[in-house]
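Generate coordinates for the entire structure from the input sequences, incorporating the hints supplied.
There are 2 protein chains.
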Amino acid sequence: MTGVQHQKWWGWGVEGITFTHEDKPKLAPFVMEKVGIDLNAPGTPPPAFEDLKVPASLLDGDLASVLRAAVGDAYVGTDDMDRVVHTYGKGLVDLVRVRASDLPRVPDAIVYPADEDQVRQVVDAVVAADGVLIPFGGGSNISGSLTPPVDEKRVVVSLDLGRLNRVLEVDEAAGLARVQAGVLGPDLEDQLNSRGWTTGHQPDSFRHSTLGGWVATRSSGMQSDKYGDISDITRGMRVVLPGKVIALRPLPSTSSGPSVREMILGSEGRLGVITEVWVNVHRLPKNREIVAYLFPTWAAGLAAMHAITESDASPTVTRVSDANETAFSLSMQKPSKGLAAKAGPILFNVLERRGWDLNAACLSYIGYEGDDDHLKYEKSIVGKIVRKHGGIKLGKGPGALYDQKKFDTPYIRDFLLDIGALGDVSETAAPWSKLMDLYANTVRAATDAFAELGVMGFVMCHLSHSYHSGACLYFTFAFPPSSDVAAEQIEQYWVVKRAIQQSFVDNDATISHHHGVGTDHAHWLEDDISSAGTEVMAGLLRAVDPGRNLNPGTLLPAHREW
Amino acid sequence: MTGVQHQKWWGWGVEGITFTHEDKPKLAPFVMEKVGIDLNAPGTPPPAFEDLKVPASLLDGDLASVLRAAVGDAYVGTDDMDRVVHTYGKGLVDLVRVRASDLPRVPDAIVYPADEDQVRQVVDAVVAADGVLIPFGGGSNISGSLTPPVDEKRVVVSLDLGRLNRVLEVDEAAGLARVQAGVLGPDLEDQLNSRGWTTGHQPDSFRHSTLGGWVATRSSGMQSDKYGDISDITRGMRVVLPGKVIALRPLPSTSSGPSVREMILGSEGRLGVITEVWVNVHRLPKNREIVAYLFPTWAAGLAAMHAITESDASPTVTRVSDANETAFSLSMQKPSKGLAAKAGPILFNVLERRGWDLNAACLSYIGYEGDDDHLKYEKSIVGKIVRKHGGIKLGKGPGALYDQKKFDTPYIRDFLLDIGALGDVSETAAPWSKLMDLYANTVRAATDAFAELGVMGFVMCHLSHSYHSGACLYFTFAFPPSSDVAAEQIEQYWVVKRAIQQSFVDNDATISHHHGVGTDHAHWLEDDISSAGTEVMAGLLRAVDPGRNLNPGTLLPAHREW
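Residue numbers (my numbering), protein chains in the order written: chain A, 4 to 565; chain B, 4 to 565.
Don't read these hints as lab results, they were simulated from the structure. Hints may contain errors.
Because identical chains share one entry, a pair is satisfied inside a single copy or across any pair of copies.
[What the hints assert, rightly or not] Straight-line Cα separation of at most 30 Å, BS3-like style, residue types lysine-lysine; simulated pairs:
| no. | residue 1 | residue 2 |
| --- | --- | --- |
| 1 | K379 | K289 |
| 2 | K396 | K409 |
| 3 | K379 | K399 |
| 4 | K396 | K379 |
| 5 | K229 | K379 |
| 6 | K156 | K379 |
| 7 | K408 | K27 |
| 8 | K337 | K409 |
| 9 | K396 | K289 |
| 10 | K29 | K229 |
| 11 | K229 | K289 |
| 12 | K289 | K387 |
| 13 | K37 | K345 |
| 14 | K382 | K289 |
| 15 | K11 | K29 |
Since the structure is predicted, the reported quantities are computational estimates derived from the model, not experimental observations.
Set out below in structure tokens:
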């Protein structure tokens, strides 16, 4: 046993935790209405692991010996479960493929180094053997960055960072922590919180993603408005390359040329293995509150988020859902009791009398942190903006509930797969001036794709991160495919996903705000950063890794590989 | 005439504006005490331009024809004044060399393209001719990035962006502006201010530096605490490379792989010519105030700046000078009249009675912007922090004076040269935990260097930009060299400058916070970003520019060139 915990081989999170609709009486009617699926019909659970067909490992004796000498016999895994767990991330296509035993290329070995020195030995050994090295953190990637290329003939080694999971140092006088890259979100925060500190970084994947993974994919957390994206939080790092180690000391800012730090950020394993990261850490706030608001329309909600960003307030979270996502959220509520059960209908009556179309209403969450006075000051500014845009305050109760449940969403996808529906997400960012068109055109693109497939589909959206010049829009979509054959389901999925991604680049938005490029989004990279930009990126990767040993196939469109 | 204005060939700024001590009665005694120089003794002005020996241009007829066809005859300059103006930036060494007619390698031609298409033609022509291309903005660089390598045998073309000086577009709904890269600071702000907008970017070089230059060197302005460094302000750009153009659309944030935007930032001409930049712009603030404070010690001042950064306040400027710089500032005051003349001595008496050592007092400026309520709120938070650290408020008067004079400082260097003293600056950034040691060790390094040279030297410092995890320390030093031979003066200058830069990297600080690498700081790049980091940077540059045609010699230490 390596001591490293992994997610389920077939889905999100750990065994024993699954999504259920039993305690959410409004969900089944909602799902029936929107995508025509009966949540109470018997589902099809994932197959037994024993039924998978896992190809034999190509690891040869020479490399195996070197790897075992480097990390110890117990820390070179070649059993089927280990290899399957390291084959895929948790994107929709990953989940469909693994359930269908679609395993054309599986890592030949998993190594679990204990420290940076062992990482160096592994990297050097794999490159010396002209093998392929794929760094692996929490395995939560949903852009296809973790999967060996189908036609890869060389030995493929997955380097699992799970044993590098310690906070090594907290520089309390600077608000910086030096942390090993393989630490999972909860473990990181436990170690920091116990000393009074936090990174404030809370991506949806928090429970099953690692610091190194966040850096490698340019992650963003829901409190990014205050704490910054991981690119802001990351102040220094160590990165193992063949024969050498990049060491970037923690710096608040620097003008030392093209930023090597910003080259490693988002490099998805192609520029080496991140072993340590210096991150900004903050004292745990005295107060922390998420307050819910309701806006009469999506346009009003977006305009309010923009106004908050431009105001003298600086909340930690600015989030607003479109009408579809708001309706979905309401359908996910547990039955209320007593007064709370009556409060909702009463409020809705009041709003209807005020002329609201409740089908257009949009739910919003704003986060606050700081001293008592500061919360009061900020809530006063935000309150005025909300009222100016026709919104109302729902209060702390729904905000606290949202805060408790915020990491549970990914479990729904496996539940949907059981009942025969495909659900996934695509997110992007664009200037404020483009958001309304981006939204309308992307919803239309998804809707048209559903029509093309002849399926009932559902698409919803929220604004999740705000900046001076723009924001992130996060789309979720689901539909029951018209086939139960995995390959056909995947093709249908791509009809929708392609339509959404194409809409992003056609509407002045990026291919991804925080999920990364991987293999899934590489096709649109040139639309995003231009052909010349992609050439420059390819030139960098080639200069560092001429033999294409480091996670080849991710990031670049195929014609830019060498 | 090209219509492009340049600085003096021999110094900072425009003809007719010079520094004078006549209206500053305390300055001459101060300078006499600190460095033993008599400001009233007759100085040595720069030589007449006609006395310079300018080597002949190597521009051949073929390339000249192509360049003239590209930009028009009037926009290819080969006269000596034009070539000398484009030979150097405004670093101390640059100034000493040009005054001494030390012109071993001068650009062979200056081209002034009118638009991006002409830039493309020039870049392609120079690279096709295996020439060297050096982009030139305002010529304010003080890190040696503008000077052709002494031993460069190929034709050297300086590409002056001065005609690309327009704000092309303001996206008012997003707070973004698309701006040509050659625009000077005042021109940019005039164009934006007239429409109600500002970038908020105010580097010391503001009047004589360009947007493209800011991007190419990772500039930072004194209001960076609010508006961000230029790396934050820059959201998209266009960059001309041989045969292609990188086009990065404006995005608030993105996870599209290693950041090409962050590769161009700081690239100092080695990754192409920046022609357009999308920048964040903000509505002109309703109120803007700089308030002066005084702290009893440097340690108290630093601690207060850190506490402000960690507080719920978010001022635009956080600046505190050490005791030496405070004394220098006081010596620069014009004579006060009436009540103001009495206020200073009265205040100082009060402070002495309170136990202050006035020789240790440190002057601070904090900037505020926003609505009335916001200024009141922020000043209340800052006021408490100042008092907690033993400081007192001096008020808006000195703050306003500082704000008026903030761009005048660079003129002093030429004045010092006239009277036979060398003055220059070195700035850096480090975590808060390192600042006190960094400061003490750097002051000691400079002082030791003065002793080694046997000269009376003066070094002073201020904290100029604050971040969550650290701050920028900005050192200024001056001394009268013991030789009037330019080459010996430069060698003496380097004894001091080297000591300071070495102290930076030895004390966990970066080689430059916002002046860039150039040729002056390249020697320490490996200490800053590690040998492997420098290799990665070199790999990128080589991939983009295998022929070393784009501003070769800047950024990298010599042994990393190819």
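We went through each hint and held it up to the structure:
Proximity of K379 to K289 under the C-alpha cut-off of 30 Å is found in both arrangements, the shortest distances being 13 Å within a copy and 23 Å between copies. For a Cα distance limit of 30 Å, the shortest separation of K396 from K409 inside one copy, 20 Å, qualifies, whereas the shortest one across copies, 46 Å, does not. In the homo-oligomer, the alpha carbons of K379 and K399 lie at most 30 Å apart both inside one protomer (14 Å) and across protomers (28 Å), since each shortest distance falls under that limit. In this homomeric assembly, K396 and K379 come within 30 Å of each other (Cα to Cα) both inside a single copy, at 14 Å, and across copies, at 27 Å.
Taking the shortest Cα distances, K229 and K379 sit within 30 Å of each other both inside one copy (17 Å) and across copies (22 Å). Taking the closest pair of Cα atoms, K156 and K379 never come within 30 Å of each other, the shortest separation being 62 Å inside a single copy and 67 Å across copies. Only within a single protomer do K408 and K27 lie at most 30 Å apart by alpha-carbon distance; the minimum there is 14 Å, versus 66 Å between protomers. Taking the shortest Cα distances, K337 and K409 sit within 30 Å of each other inside one copy (15 Å), while across copies they are farther apart (61 Å).
Proximity of K396 and K289 under a CA criterion of 30 Å is satisfied in both settings, with 23 Å inside one chain copy and 28 Å between copies. In the homo-oligomer, the alpha carbons of K29 and K229 never lie at most 30 Å apart, since the shortest distance is 35 Å inside one protomer and 46 Å across protomers. In this assembly of identical chains, the alpha carbons of K229 and K289 lie at most 30 Å apart whether taken from the same copy (15 Å) or from different copies (24 Å). Taking the shortest alpha-carbon separations for K289 and K387, both the intra-copy value of 24 Å and the inter-copy value of 18 Å come in at or below 30 Å.
Proximity of K37 and K345 under a CA criterion of 30 Å is satisfied intra-copy only: 26 Å inside one chain copy versus 79 Å between copies. Proximity of K382 to K289 under the C-alpha cut-off of 30 Å is found in both arrangements, the shortest distances being 16 Å within a copy and 21 Å between copies. Taking the shortest Cα distances, K11 and K29 sit within 30 Å of each other inside one copy (29 Å), while across copies they are farther apart (76 Å).
Of the hints listed earlier, those the structure fails to meet are numbers 6 and 10, in rising order.
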